[in-house]
Amino acid sequence: MLLIAATTLAGFFVARLGTTEIVMLYLLAVIATSYFLGYLAAIFAAIGSFLAINFFFIEPRYTFEVANPESWAALLGFLTVSVVVASLVKRLQNQTRQAENARRHAEFAREMAENLAALHDEGELLDAGCRLIHHATSQPTGIALPRMKGEGFSLACQYPAGTVTLDQRAAKWCSQNGQAIGPGSNNWPEYGAWVMPFGRMPGLSPVLVVMNGTAEQGEVTYLRGLLDQLATAYQRVRNERRAKDAERIAQEESIQNALLASVSHDMRTPLTAILGATTTLLEQRKALSEIEQGRLLQSMAAEARYLANATENILSLTKLESSGSRDVVLDWQSPEEIVGAVLSRFRTRTLVHEMRSSVPQDIPLIRADAVLLSQALGNLIDNALSVHHGSEPIIVGAELRDSRVALYVKDRGGGFPQNFRAEDIRKFQRMNVHGKGMGLGLSIVQVIARLHKAEFHIEQREGGGTCVALVFQEMPSGENLE
Amino acid sequence: MKILSERPSILVVEDDREISRFISSSLSAAGYLPYVAANLVDARKLFWEVRPELAILDLGMPDGDGKDWIAELRQRSDVPVLVLSARQSEKEKVACLDCGADDYLAKPFGVEEMLARVRTALRRAAMMSLRDHVYDVSGLRIDLAAGTVTLNGKLVKLTPIEYKLLMMLAQHPGKVITYRQLLTSVWGAEYLDETHYLRIHMGRLRAKLEAVPAEPRFLLTDPGIGYRIAAS
Numbered sequence: 002m003l004l005i006a007a008t009t010l011a012g013f014f015v016a017r018l019g020t021t022e023i024v025m026l027y028l029l030a031v032i033a034t035s036y037f038l039g040y041l042a043a044i045f046a047a048i049g050s051f052l053a054i055n056f057f058f059i060e061p062r063y064t065f066e067v068a069n070p071e072s073w074a075a076l077l078g079f080l081t082v083s084v085v086v087a088s089l090v091k092r093l094q095n096q097t098r099q100a101e102n103a104r105r106h107a108e109f110a111r112e113m114a115e116n117l118a119a120l121h122d123e124g125e126l127l128d129a130g131c132r133l134i135h136h137a138t139s140q141p142t143g144i145a146l147p148r149m150k151g152e153g154f155s156l157a158c159q160y161p162a163g164t165v166t167l168d169q170r171a172a173k174w175c176s177q178n179g180q181a182i183g184p185g186s187n188n189w190p191e192y193g194a195w196v197m198p199f200g201r202m203p204g205l206s207p208v209l210v211v212m213n214g215t216a217e218q219g220e221v222t223y224l225r226g227l228l229d230q231l232a233t234a235y236q237r238v239r240n241e242r243r244a245k246d247a248e249r250i251a252q253e254e255s256i257q258n259a260l261l262a263s264v265s266h267d268m269r270t271p272l273t274a275i276l277g278a279t280t281t282l283l284e285q286r287k288a289l290s291e292i293e294q295g296r297l298l299q300s301m302a303a304e305a306r307y308l309a310n311a312t313e314n315i316l317s318l319t320k321l322e323s324s325g326s327r328d329v330v331l332d333w334q335s336p337e338e339i340v341g342a343v344l345s346r347f348r349t350r351t352l353v354h355e356m357r358s359s360v361p362q363d364i365p366l367i368r369a370d371a372v373l374l375s376q377a378l379g380n381l382i383d384n385a386l387s388v389h390h391g392s393e394p395i396i397v398g399a400e401l402r403d404s405r406v407a408l409y410v411k412d413r414g415g416g417f418p419q420n421f422r423a424e425d426i427r428k429f430q431r432m433n434v435h436g437k438g439m440g441l442g443l444s445i446v447q448v449i450a451r452l453h454k455a456e457f458h459i460e461q462r463e464g465g466g467t468c469v470a471l472v473f474q475e476m477p478s479g480e481n482l483e
Numbered sequence: 090m091k092i093l094s095e096r097p098s099i100l101v102v103e104d105d106r107e108i109s110r111f112i113s114s115s116l117s118a119a120g121y122l123p124y125v126a127a128n129l130v131d132a133r134k135l136f137w138e139v140r141p142e143l144a145i146l147d148l149g150m151p152d153g154d155g156k157d158w159i160a161e162l163r164q165r166s167d168v169p170v171l172v173l174s175a176r177q178s179e180k181e182k183v184a185c186l187d188c189g190a191d192d193y194l195a196k197p198f199g200v201e202e203m204l205a206r207v208r209t210a211l212r213r214a215a216m217m218s219l220r221d222h223v224y225d226v227s228g229l230r231i232d233l234a235a236g237t238v239t240l241n242g243k244l245v246k247l248t249p250i251e252y253k254l255l256m257m258l259a260q261h262p263g264k265v266i267t268y269r270q271l272l273t274s275v276w277g278a279e280y281l282d283e284t285h286y287l288r289i290h291m292g293r294l295r296a297k298l299e300a301v302p303a304e305p306r307f308l309l310t311d312p313g314i315g316y317r318i319a320a321s
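Protein chains in written order, with our numbering: chain P, 2 to 483; chain E, 90 to 321.
Hints in this document: simulated from the structure, not taken from any laboratory. The reader is advised that the hints may include incorrect statements.
Which bits of chain P does chain E cover? Going by a derived footprint, with three or more residues having C-beta under 8 Å, they are [said to hold, decoys possible]:
1) 22–34
2) 46–52
For lysine-lysine, the following DSBU-like pairs were computed, each having C-alpha atoms within a straight-line distance of at most 35 Å [to be verified]:
3) Lys243(E) - Lys180(E)
4) Lys196(E) - Lys243(E)
5) Lys156(E) - Lys253(E)
6) Lys320(P) - Lys454(P)
7) Lys196(E) - Lys454(P)
8) Lys297(E) - Lys253(E)
9) Lys320(P) - Lys196(E)
10) Lys297(E) - Lys454(P)
11) Lys287(P) - Lys320(P)
12) Lys173(P) - Lys245(P)
13) Lys245(P) - Lys150(P)
14) Lys196(E) - Lys287(P)
15) Lys150(P) - Lys320(P)
16) Lys297(E) - Lys246(E)
17) Lys180(E) - Lys320(P)
18) Lys134(E) - Lys180(E)
19) Lys253(E) - Lys243(E)
20) Lys180(E) - Lys196(E)
21) Lys320(P) - Lys156(E)
22) Lys320(P) - Lys245(P)
23) Lys246(E) - Lys245(P)
24) Lys134(E) - Lys454(P)
25) Lys156(E) - Lys180(E)
26) Lys156(E) - Lys243(E)
Even for Gly, the Cβ is constructed at its ideal location relative to N, Cα and C.
Build out the structure end to end from the sequences listed, making use of the hints.
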């Protein structure tokens, strides 16, 4: 079309145009062809132009004969220039396309890095990475993980579903040697798919499988770049999980130590008292006065109650140890209700003037597990009662400390040494000098505080005594809740 | 045929002999007539023979789940059921209350606590037989028929939601009403997760009815389970 247009145009203006102008016109047509239709079409256009110029415009016209040797030179020059220009256009186009590809790839890699950075779960990360690589390559893509038990690999994810076939032999070789397999690589270049390892990891690493791989080096490099990002993110998530596991194991160990310490003291002491009292009553009832018998029975009841409480605490610790935060039921709770419920539990066995509440009316709701929090507060009251003295009541309450809700128990006892801090609880428990059970109770409060992400404060009060407080994280405004 | 006796009869369903022995001894000493079943098969049989005024049920029976028996019983009888449960299992307590139990007692428990629960449950059962009873405890008077609430003789103004909440509790003095039951009946089943509504409105009710809201005399909280209004 362009040649016809050039010929028509040149024919129309042939009277006014010289040979040079006509040649330029055709050269323009060749460049346009090269730009729009590609290199091969441009070569054909150049040959066509060569013949057209010869036929239509070189004397003698309308034949392929060339009378003048100079015209030959001009025609050959035209052909050469046409081919060179077409090549240059082609190269320019290639460079532009490569630059555009590089920009697109870089943009995609940046987006991929951002997407992966937001993920903290191994499964989600692999799934997202697989989906993104499939998007980038437009080929069926899967990720295979070494099986936990037994040999071999299994596909953890694939996009689109059911399109990836996993070759166990290829996956194993690739993972063991830490090298890629497939077109464009040094290993198994005839293989129909790319299989690439997730970098060098201890043991067998996961592998990426991309079907229908081509040997084009740019694509292979691009794919390796994406996989490197995914592998780095995967390593980060695995490290995060390992750190969490280590923290959990440390927590469990600390709970186990608390349990052992308490069983030896908190259970054995009351059991000794109960066994002593019951055997005394069984063996020597006749020799004992009614008052003495009554005292022994009362002590048995008190020790049994204490034992019940200690058992409850030990069960709690065991439960928290085995389930961690999974069994914590966080819900909106009213500090007023928790304080009220705990106080009413103690009312049956304490005198009214021994305890009072202090909760401001407008205290906000908190996110907490009501049962665990009641238990924590109950333990603090138990401890306070065991050391409290004087005429002032123990105060159980809630208050706002810099927009954060604090639940506290204040006593006038000497239960804690000077400058005692929450971090010293385990040491305190081993010391066992301040009444039975304080260490275990406090350990549980500490665990419950941690499960609520609350701070645990032990503060000396002015004028003697202690204020033990759980300070919760700031909550959204209560007004938003209605 | 109901066995006639002046002493209120109580069916104790408990498989542990030591525990059922001390429960029945203390019930006898307190003037009740206890009948003991060591499994659910015996319990079913004995229940319809004795027609007790109250049943005390341990959930962990060797031949089945106590909860199923409560649900089965509720289809034919309103007899109050007091459940004995482990202290840790709040979910189980809620499940029992939701399927028709009247109250629960956490193991281990003292006799005085058990007898107090028994008395409350029996009193409530007697009250339930009078339609539209009046709750009148320590100066708080809730007239369910007239729909009025007075505190020490003074009329208390309540919002419709506070009123509904209070009526729901006052219809069953001493009985724990679970969060689920309150949310469903006051707001509707689609509000089951909106427990903060309950906390906020119960807080306002306490502010209106209690002298010291953090040490309530009437509106008591069972953490993680529900609310109850004091029976005495």
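Fill in: Distance restraint between Lys196(E) and Lys243(E), which requires alpha-carbon spacing of 35 Å or less
Roughly 41 Å separates the two Cα atoms, so the pair is violated.
Discussion item. Between the alpha carbons of Lys196(E) and Lys287(P), is the straight-line distance 35 Å or under?
Written reply: 33 Å, holds
Worksheet item: Quick one, are Lys134(E) and Lys454(P) close enough, alpha carbons at most 35 Å?
Response: Measuring from Cα to Cα gives roughly 52 Å; hence the hint is violated.
Discussion item. Holds or violated: Lys297(E) and Lys253(E), Cα atoms, limit 35 Å.
Written reply: 15 Å, holds
Practice prompt. Would you check chain E against the region 22–34 of chain P, counting CB to CB pairs closer than 8 Å, and say if three or more residues qualify?
Written response: Contact hint for the region 22–34 of chain P vs chain E: violated, 0 residues under 8 Å.
Worksheet item: Lys297(E) and Lys454(P): Cα distance at most 35 Å?
Response: At roughly 33 Å apart (the allowed maximum being 35 Å), Lys454(P) and Lys297(E) satisfy the hint.
Worksheet item: Taking 35 Å as the top limit, are the C-alpha atoms of Lys196(E) and Lys454(P) close enough?
Response: 30 Å, holds
Worksheet item: Are the Cα positions of Lys243(E) and Lys180(E) separated by 35 Å at most?
Response: 39 Å, violated
Worksheet entry | 35 Å limit on alpha-carbon distance, applied to hinted pair Lys245(P) and Lys150(P) | 23 Å, holds
Worksheet item: Taken at face value, is the distance from the CA of Lys196(E) to the CA of Lys320(P) at most 35 Å?
Response: With Cα atoms ~17 Å apart, Lys320(P) and Lys196(E) stay inside 35 Å; holds.
Worksheet item: Does the structure keep Lys156(E) and Lys180(E) at a Cα separation of 35 Å or less?
Response: Given that 35 Å is the threshold and the Cα spacing comes to 12 Å, the pair holds.
Worksheet item: Quick one, are Lys156(E) and Lys243(E) close enough, alpha carbons at most 35 Å?
Response: 43 Å, violated
Hint check: violations occur at hints 1, 2, 3, 4, 11, 23, 24 and 26; the rest are consistent with the structure.
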